[in-house]
Amino acid sequence: VTVAAPAFSRTEPGWRLRLESVPIERLRGLGIAAGLTAATGAVHAVNLTHSPALGDGEGLVVARTWAATELGRLAPATYLYDQPPLGWLQVSLWARLTDAFGRAPDAVAAGREAMLVAFVASAVLLWVLARRLGLSRWAAALALGLFGFSPLAVALHRQVSLENVAVPWILAAFALAATPRRRLGPYASSGALLAVAALSCGSAILVAPALALALWRAVPADRRAYVIAVAGALFAAVAGAFVAYAALRGQLSGDGPSLLGGLGDRFADLPSTGSVFSGGSAGNDTVTEWLGLDLLGPLLGLAAALFALAQLPRLAPEAVAFLVLVAAVVRPGHLQPTLATLLLPFGALLVAGAAERLVEGDPAARAASADRPGLPTTGAVATRVRGPGPVPADPRDRQGRRRTLTPAAAALLAAGAVVATTWAGDARALARDDGTADRREAEDWLLANRPAGRRVLLDAAMWADLAHAGTPLDEMVLHPSDDGPEADADRVLDAWPRDGVVVSSPATRAAAAADVRLQALAEGSVAVAVFGRGDDAVEVRAVGPDADTDSARRRDPLRATEAGAALSRNAGVRTTPGARRLLADGRVDERVMTTLVAVGAQQPVHVDDFPADPAEVTAGEPRRAVHLRALDDRADAVADIESLLTDQEPPYRPADISVGADGWLTVTWAVTAFT
Amino acid sequence: VGGQRVDEPAAIRRGTALVALAGALALAPACSGGLVDTVLGREPEPETTSDTLLPPGDDEIVILSGQPLDDPSDLRAQGTAASATPGGASPDRNAAPGTSATTAAEAPAGGADPAEPAAAVETADPTASDDGDLLTVTNLLLALVALAVTGLVAGDVRRMLHAWRGVDARAAAPGFGPPEEPATSFSVLVPAVGPRADPDRLGPTLESLAALDHPFVEVLAVVGHDDAACRTAAGAIADRHPERVRVVVDRNFRKSPSLALATGLADSTGEVVAVFEPGDDVHHQLLRHVDTHITRTGAAGLQAGVRWVGARRWYAMHHALDRWTWFRSRLHRLAEQRFTPLAPTTAFVRADVLRDRGGWDTACPAAAPEVGIRLSVAADPVAVVDDAHLATHRWAPESLREAARDHVAWLAGFRQVARRGVWKQLPRRRQRLQARLTLAQPALAALAGLAVPLPLGAALLLGAPPVVALVAALPLVPAVIGLVVEALGQSERARERDRDLPLRDRATLVATAVPHRLLLGLAALRALATPRTDAAEAAGRRRRDADADADRDRGRPARPARPTRAPRLAPGHADVVDLDARRREPGPPAAPPAGRRARTRTVTSS
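Taken in order, these protein sequences are the chains called A and B. Position 597, counted from 1, in the first sequence is what this note's numbering calls 583; the numbers after and before it change by one each time, with no gaps. In this note's numbering, each residue's number is its place in the second sequence (first place is 1) plus 7.
Since the hints were made in silico from the structure, they are not lab data. Keep in mind it's a predicted model, so treat the numbers as computed, not measured. Beta carbons are placed, not taken as given, at the ideal position from N, Cα and C, and that holds for glycine. It is possible that some hints are incorrect.
Below 20 Å or equal to it, Euclidean Cα-Cα: the simulated SDA-like pairs (lysine to any residue) are [unchecked claim]:
{"no.": "1", "chain 1": "B", "residue 1": "K431", "chain 2": "A", "residue 2": "A(-9)"}
{"no.": "2", "chain 1": "B", "residue 1": "K431", "chain 2": "A", "residue 2": "R(-4)"}
{"no.": "3", "chain 1": "B", "residue 1": "K431", "chain 2": "B", "residue 2": "A386"}
{"no.": "4", "chain 1": "B", "residue 1": "K431", "chain 2": "B", "residue 2": "Q448"}
{"no.": "5", "chain 1": "B", "residue 1": "K431", "chain 2": "B", "residue 2": "L483"}
{"no.": "6", "chain 1": "B", "residue 1": "K431", "chain 2": "B", "residue 2": "Q441"}
{"no.": "7", "chain 1": "B", "residue 1": "K431", "chain 2": "A", "residue 2": "A434"}
{"no.": "8", "chain 1": "B", "residue 1": "K431", "chain 2": "B", "residue 2": "A411"}
{"no.": "9", "chain 1": "B", "residue 1": "K431", "chain 2": "B", "residue 2": "R412"}
Cβ pair distances, simulated, as ranges [stated by the list, open to error]:
{"no.": "10", "chain 1": "B", "residue 1": "E188", "chain 2": "A", "residue 2": "P9", "range": "38 to 48 Å"}
{"no.": "11", "chain 1": "B", "residue 1": "D205", "chain 2": "A", "residue 2": "P299", "range": "51 to 61 Å"}
{"no.": "12", "chain 1": "B", "residue 1": "D207", "chain 2": "A", "residue 2": "P299", "range": "54 to 64 Å"}
Construct all of the structure, not just a fragment, from the sequences and the given hints.
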């Protein structure tokens, strides 16, 4: 109590001394944590941008991030309060600091980079939390391994989702609630961090009861009221900032975008995904997809949660969090496809904790039986007091443990082996697959071929990419957007590009399937280019008031084949057999043939090929490019052809003429459907 | 604390000036924004005015496009766009914004139907238009003020919560251990002079002191020579307990608690000097515990807990709770920093240490706090022990006026201590700064409490962007947490006393939080407005005297000091000088001249 030193003199050791006095044991733990984090981070990072394919919500988060970064707004169009904005504002901060959008190959890749950062933070925090909850080093390592290597975890962690942004905050809140120093400050801050998590991703609020339980258990009764009150007040203050923001904008309720309206949309108006237990429902599909990636992990997590509730009081809050989130998954209603992300850290912790308990037995019982110093004997916090030097092994203890716990350890090892083999295949797929190639090609194609001023309807991820490439924002219609499905359909019908382009991606098709009017409109369009195949294909489709008739005219097989056959007999246009076959099959665009006739009349040319983008070939579009060479040796032969071509009126004027070094010309016309 | 008279008109003048200054500071952002705009020749921003000029109704205004205006902010965006495209159709807020209407209208959209340009007209995305210019002088000023106020209030709440922040509530705010055999003799001083000379309160206090369960105690009731009532009251008790209670007559012309304490100290014989005030109800076991604590820890000073009881009215409840958090928590924070102002009551100091350090500072009306600081600076350990069971009880103020006066005296006490400048003797600049801030903290926190709503109010008045308004609202967060903690403290205090806490009292506490902050803030202003008597006096003296005196005035410990035994005061001499001072400056009364002598003492910081 009484220290003979004048006021405000420092008696605590400075940071240097404290750093020097870090025990070597602690450093070993740090080493394990750093190594594991690096390893899991590497697994996360390899092929990050290509696999898995673009998830449902990813595009919207990316689009909002881009809008926040480049436009200084909360949403591509109007912010509708359907989600608190802090999540994508954080991603946007990363993008701003590192110029992620300028650097990454596409917008989704930029977002996925930020997810890698969030994952590394989560991994470190998970280690800290595990250690603070009294898990031994190997158990904490197990938790980190499950968290980082499970294919389900890798797939979910890579996707750009608000849940991924919220997880580090949630883990930090729980880690603070398990602070070994047991100070008011950390306890209270955990409330603020939970609020940050909830503002990053609304679903994070589901772990609030678990955090309250953790605080309740950690704090002695005489201070509980103060801790809970201050933590609650900080939570309310941070969360209230969002409400205050809406109030200051005058958007608390009423017409137009409003907080209450957004909440209503989110909780009442989102369509139900059906019961996860009935086959065929969207919710069932989602859960089946999760379990397809990792069947054992979620089941083990569930078992461990129940086990922890019964046997592991120190992990009870985490078990409660896990079970509440599981309840949120199986409840009828709307199921967010990325909700499982929140389950992962808790599941990993619980499985590791249960495994430790099964292998090592009850620490309290052990401490009572074996008189070894430094075993955690009580409660939530294991403060291991380590004696100097290695603890001499107690053979009796060792033997006893080996005898009683062999079955459990063996079972665990076997389970580990099974898990590892099943994971290996998925991991290979995650490291090699390219699920986003089609989208990239479609974007490149659009950027090259979309006529300026023509509207294009596309999904959010492409919106961000095209917007970043400089496409005017008013030439893009976002669908599906953050609106409710009904309002979304109305909006799209209003802004439907009547002579424009529709990029039909899985997300767009799924959204359009909800509304018959959109389906009817979609049927009035023709595919111009098709990237990929099957359900995941990305189609660029041309729409127009006369899309049907126009395309039918252009594809009149008889006329095209007749014209082609005539052209192949033209003396001025010499063709290779391959080119002749294309002409005879009527696969060449009418404009190309007509212009070739004119060129052949001017001077003899040799046509080598009618090159085409495979995507357009798949779509059945006629070929709109020609590869040709002047047969005359005149110096200005090529220039003559060029001037003839550029003198043409649209639609016969080529979009692009490129002259090779050897005198070969590649002439390309605009996409047939866009003329 | 306190006890000096204040010249009313002067105080009011200064108070008014301070209030005006505070108001000007709060409104500075408002003025400066407009000022800067004018100076730079900028147009005043339309955003701030259009919101207020437009009527709230829905269909009141029809813009050129023929559409009713839903949101006034639409007008801003459409100001140019709507006139350019008279064909504007239905407002579609979801259309892709970011371009002006004219470009959209001219866009070469072959076959565009008439509805097409309308889609681009609606650039009125509120998210886009409102957050225009965040980095204006006004906004920065607002944010700075808000952050400063937040910091002050949060620091105050942190001190308030100190007792509950550690593992064990008792580790951060310790109580007494079990008592052992008495080993120390005590001289209990009860200064009953000046504002504290209340015979009705003095009697019961002396009775409770006479009943102390300790073998070596002398109780010295210091009464003024001109105060017959107190002398009678004290004399009656002394007659009843001749072996314990003595009456000491303070013959100073000016009456102040510090002079009375000095008089009492001169007559005392105990090893430890204890200070109580008339009106205290002292626990009969207290001295045994203090004895044990001082003996075991070797503390030179000790402050034990005080509780204000009998609070019924709202101001009394807040007053009692404020002091409760002080003794229960805040003071322990100061003790942890080893910077411990003793309270005017229930304070204990070793007599030899007190005499070595120069006795009571008779120039400082807040004598006990000053001694606490002096001991802290000299590295004499001062213990703070709070034990609800053994706490001294005092009656909470019975009128608003009394409560206000008590707050003023309490806050002025810190200022008086700061003015004495002992803290300047701390060796390092960081320590001096921290000491100065710590002494200013109570008044600053009270003023900050007054300033909590000002940034937000200014932001709303000025129509600042939402983000700025959010920052401006930050001070509310610690303020609300402080209120929550107070409410919890009220519950804990009721538990301490084994009382039920009626819902009405809880509600009263929360409902009157704002008036109480107002009261505290005004009390702080008033405390700041008290005349700097000793400064005026020092200035006058500096004109007359050599620099040497001024040096010592600033508390530089370099020169050898005169004997530092407690001064025996010569009343006659004091009176003459006092009258002399009053003739010089008729306004505020000068400090007792004995202070001059006391000030020459040097604190050896070995």
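Against the structure, the hints:
no., hint, result
1, B:K431 x A:A(-9), "holds, 16 Å"
2, B:K431 x A:R(-4), "holds, 18 Å"
3, B:K431 x B:A386, "holds, 14 Å"
4, B:K431 x B:Q448, "holds, 17 Å"
5, B:K431 x B:L483, "violated, 35 Å"
6, B:K431 x B:Q441, "holds, 11 Å"
7, B:K431 x A:A434, "violated, 75 Å"
8, B:K431 x B:A411, "violated, 30 Å"
9, B:K431 x B:R412, "violated, 29 Å"
10, B:E188 x A:P9: 38 to 48 Å, "holds, 44 Å"
11, B:D205 x A:P299: 51 to 61 Å, "holds, 58 Å"
12, B:D207 x A:P299: 54 to 64 Å, "holds, 59 Å"
Comparing the model with each earlier hint shows violations of hints 5, 7, 8 and 9; every other hint is respected.
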